[in-house]
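Counting along the sequence shown from 1, when you hit position 185 you're at 185 in our numbering, and nothing is skipped either side.
Simulated from the structure, these hints should not be mistaken for laboratory data. Since this is a predicted model, take the numbers as computed values, not measurements. Don't be surprised by glycine CBs; every beta carbon is placed ideally from N, CA and C. Hints may contain errors.
As the list claims (entries may be wrong) - Cross-link-like lysine-lysine pairs, in silico, DSS-like; alpha carbons within 25 Å at most:
| # | residue 1 | residue 2 |
| --- | --- | --- |
| 1 | 183 | 206 |
| 2 | 63 | 20 |
| 3 | 172 | 206 |
| 4 | 46 | 5 |
What the hints assert, rightly or not - Ranges between beta-carbon positions, derived for each pair:
| # | residue 1 | residue 2 | range |
| --- | --- | --- | --- |
| 5 | 24 | 151 | 35 to 41 Å |
| 6 | 119 | 49 | 29 to 35 Å |
| 7 | 137 | 108 | 21 to 27 Å |
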Amino acid sequence: MTPIKEDYLKIIFELGGAKKEVSNKQISLALGIAAGSVTEMVSKLKKENLVTHRPYHDIALTKAGLDQAILLIRKHRLWETFLANDLAFALPDIHPEAEVLEHVTSPKLLARLDKFLGFPKHCPHGGVIPDQNGHFQEESYTVLAEIPDAQTVTIERFIDDHDLLIYLADIKLALETKVTVVKHEPFDGPISVTTAAGQEFNISFKAAHNIFVTDENGATLTQ
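Sequences are here, hints too, so could you generate the full structure?
Next comes the structure, spelled out in structure tokens:
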């Protein structure tokens, strides 16, 4: 399988494709790729029985696609955890290194790495790490962009994207921060949020679609 196809399987998993359908637009925003390119790649993945997709409908992983995505995600996020926690890599820098390492990781090495790290459940940017049997904790698939004005939520995880993580580091928005949505600017403008400490952030339209949130008590939101 090509690295591009692997990236699609991983992002569909991140967006919730293991449990529900995700849209072409969600994938396009997460990968920073034109919608037409997403449609073309999804067609290829469908021919290989890795995703389901009907015209004018959304996309989900098949059993075969999910199995592949889980293994890729497990390898990638365990290496990200090692790089961040044991080698002190900055969060925006761990993704490209983990991309290389995941492709040369044998089952034996993967099991040893998991044990060495203490069987972590989440990677440094908040994403779940499936266990050796493919099981993983439930996570939120509600993005910050969907939260109405005046509602308070908790930042649960970020899409694993280098540019996004640099952007969030620059504005100093961290996991587990509680934020209240103040205003959605029109025409795909930024979203203004404030923290309990009175800090105010203007988060870009694209970034707000790649930040997943729970309610202010950490419970998964219903969509």
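Checked hints:
no.	hint	result
1	183 with 206	15 Å, holds
2	63 with 20	13 Å, holds
3	172 with 206	17 Å, holds
4	46 with 5	11 Å, holds
5	24 with 151: 35 to 41 Å	27 Å, violated
6	119 with 49: 29 to 35 Å	31 Å, holds
7	137 with 108: 21 to 27 Å	25 Å, holds
Hint compliance for this structure: hint 5 alone is broken.
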